[in-house]
Amino acid sequence: MKVIGARIAATASSPGGFPREGLPEIAFLGRSNVGKSSLLNALAGRRALARTSSTPGKTRLAHFYEVTRDATERAQRRVLLVDLPGYGWARVAKSEREAWQKLVEGYLGARAPLRLAVLLHDVRRDPTEDEHLLLAWLAERGVASLVAVTKCDKEKPMRRAARLRALAAAYAGHAIVATSAETKDGVDALWKAIDAHL
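Residues are numbered in this note's numbering as their position in the sequence shown, beginning at 1, plus a constant of 982.
What the hints contain is simulated information worked out from the structure, not anything from laboratory work. This list has only true hints and no planted wrong ones.
Heads up, simulated SDA-like pairs for lysine to any residue below, C-alpha to C-alpha not over 20 Å straight-line:
| # | residue 1 | residue 2 |
| --- | --- | --- |
| 1 | Lys1084 | Tyr1069 |
| 2 | Lys984 | Glu1048 |
| 3 | Lys1076 | Ser995 |
Can you make the complete structure from the sequences, with help from the hints?
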């Protein structure tokens, strides 16, 4: 399905700033600098819908992007892609990290239109306790989730295949989609996985 429109629908620094519930929502979360903004731009077919930065922790707000697709009658035409602040970045004050946590938990724990949480994971990294705790937290609250492995273009084919096998084992029981915002590999597969939850 082709994306025919994309816009910033809302930006929130606290749960009180979340937009009125209506369209189905897909949340994107992961470690700082994992490539959330780049992947969101690839999904939306836009170069600069979500601002990208090489500085970890740049996304400190929840950004809601409304994406409209040229969909069939049986598919969801409009959906909100939600870019949540990254975690695991130490160079910020404790109070700021706590504010981010409150924002993310306030969204994931009580947002009725939320259909799926997509955990982004850099292909070059091994999972930490943070990722496993987050997936367990989502499962406890009945939130569907999957893992999108990012930056797959950064590894040569043989190494990439080995890394994907290792991540599939580490995330056993969770669906995994390999992606690259740079080459657009896996973008259609990720949309297909998202559509299964709409």
